[in-house]
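With these hints in hand, go ahead and build the complete structure from the sequences.
Under our numbering, residues 67 to 340 are what the sequence shown spells out, in order.
If you're looking for bench data, these hints aren't it; they were derived computationally from the structure.
All values derive from a computational prediction rather than experimental measurement.
Warning: the hint list may mix true and false statements.
Keeping only pairs whose Cα atoms sit at most 16 Å apart, straight-line, the calculated EDC-like set for lysine to aspartate or glutamate is [to be verified]:
id	residue 1	residue 2
1	LYS196	GLU234
2	LYS96	ASP112
3	LYS174	GLU202
4	LYS78	ASP112
5	LYS225	ASP247
6	LYS170	ASP247
7	LYS174	ASP150
8	LYS170	ASP201
9	LYS196	GLU235
10	LYS105	GLU75
11	LYS105	ASP144
12	LYS225	ASP201
13	LYS78	GLU146
14	LYS78	ASP94
15	LYS174	GLU234
16	LYS174	ASP112
17	LYS170	GLU146
18	LYS174	ASP144
19	LYS225	ASP306
20	LYS78	ASP144
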Amino acid sequence: MKILPYYVEQLKQQVMREAHLTSVCPADCKQLAALIHAKLHMPVSDTTLKRIFGFAAAKYGSSLFTLNALAQFCGYADWENFCDHCGEDKQPAAGTGRAISMAKWSQKISRRTLEALINSSGIPYQLTIKRSFIDEQLEEFSGGAQTATLLTAPAGYGKTIGLCHWVEEQLGAMMSGDNRDTLLFLSSKLLPGLQQTGIAVADWLRTLMGFGPESYELSARLEERLQGPGFFYLVIDGFDPEHFAPAEFDRLAGLLLSILELYRDQSNFKLILT
67 MKILPYYVEQ
77 LKQQVMREAH
87 LTSVCPADCK
97 QLAALIHAKL
107 HMPVSDTTLK
117 RIFGFAAAKY
127 GSSLFTLNAL
137 AQFCGYADWE
147 NFCDHCGEDK
157 QPAAGTGRAI
167 SMAKWSQKIS
177 RRTLEALINS
187 SGIPYQLTIK
197 RSFIDEQLEE
207 FSGGAQTATL
217 LTAPAGYGKT
227 IGLCHWVEEQ
237 LGAMMSGDNR
247 DTLLFLSSKL
257 LPGLQQTGIA
267 VADWLRTLMG
277 FGPESYELSA
287 RLEERLQGPG
297 FFYLVIDGFD
307 PEHFAPAEFD
317 RLAGLLLSIL
327 ELYRDQSNFK
337 LILT
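In structure tokens form, the structure reads like this:
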């Protein structure tokens with residue numbers, strides 16, 4: 067399981083506050099390991115902490131065990147609980163509880179999608195690079211009047227990883243309060259697993275049109291969100307026929323076209339497909 071760097075940085079800051087440290091040097095890691103062990107009776111070595119704080123080389127990302135321990139040291143149930151609180155705390159104060167709830171729901175799904183795609187990368191994600199053609203196209207798209215854009219390139223050009231870098235930047239900016247956007251990131255490779263988040267993508271698309279269970283609540287949240295500042299991005303990676311049965315692809319494509327028709331006059335609704 068890959069971990070988003072923004073949340074790791076936030077956790078490091080909270081660990082420092084919990085340990086009453088204004089800064090960390092290599093010598094502090096041994097004392098910090100002792101504090102964690104004394105509070106949790108869990109072994110987190112000073113070498114591991116040195117890797118987390120950047121004082122030692124790390125070939126791989128932090129383990130979930132370590133992040134759970136650090137989150138518990140700061141008073142959270144585990145790493146995921148910390149991420150949920152981090153996202154909730156960084157939402158702008160303005161707006162209703164329903165809008166905040168939708169933003170939190172979208173961020174949670176986007177975070178899981180991003181982590182899963184990073185984890186499935188054939189090259190270690192930290193060794194991958196951004197794709198300028200993606201960043202340039204999406205920058206122009208965000209500043210324009212178009213409702214939808216399509217990222218196309220032959221297989222192996224790094225569309226998915228390039229999009230992951232872009233989404234990661236957007237989520238970080240949203241969490242830090244640098245922009246007021248909301249983003250829902252989905253992948254055709256992971257759509258079957260989205261049932262675990264409480265709603266399937268087809269059902270979610272239907273609710274945007276006002277049909278299906280809980281349609282009024284979710285569509286009302288989106289309408290409310292679209293009246294506020296910032297964009298609402300719906301991003302779907304790998305939306306092509308090879309990832310779906312023919313009938314399923316036609317059904318989802320029809321739903322997307324209907325959504326575009328429904329929200330074509332909403333300048334802050336943006337659809338991104340690869």
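To see whether the hints hold, each was checked on the structure:
1. LYS196 - GLU234: Roughly 11 Å between the alpha carbons, so the hint for LYS196 and GLU234 holds.
2. LYS96 - ASP112: Distance ~5 Å between LYS96 and ASP112 Cα, so the pair holds.
3. LYS174 - GLU202: This hinted pair is violated, its Cα atoms lying about 26 Å apart.
4. LYS78 - ASP112: Holds: LYS78 and ASP112 sit about 14 Å apart, inside 16 Å.
5. LYS225 - ASP247: 22 Å, violated
6. LYS170 - ASP247: 12 Å, holds
7. LYS174 - ASP150: 7 Å, holds
8. LYS170 - ASP201: 25 Å, violated
9. LYS196 - GLU235: Given that 16 Å is the threshold and the Cα spacing comes to 11 Å, the pair holds.
10. LYS105 - GLU75: 22 Å, violated
11. LYS105 - ASP144: Holds, at about 15 Å.
12. LYS225 - ASP201: Holds - the C-alpha atoms of ASP201 and LYS225 are around 11 Å apart, at most 16 Å.
13. LYS78 - GLU146: 15 Å, holds
14. LYS78 - ASP94: OK: LYS78 and ASP94 at ~13 Å, within 16 Å.
15. LYS174 - GLU234: Since the Cα atoms of LYS174 and GLU234 sit roughly 13 Å apart, the hinted pair holds (cutoff 16 Å).
16. LYS174 - ASP112: 31 Å, violated
17. LYS170 - GLU146: Distance of about 13 Å is within 16 Å: holds.
18. LYS174 - ASP144: 15 Å, holds
19. LYS225 - ASP306: 13 Å, holds
20. LYS78 - ASP144: Roughly 14 Å between the alpha carbons, so the hint for LYS78 and ASP144 holds.
Checked against the numbered hints above, the structure violates hints 3, 5, 8, 10, 16; every other hint is satisfied.
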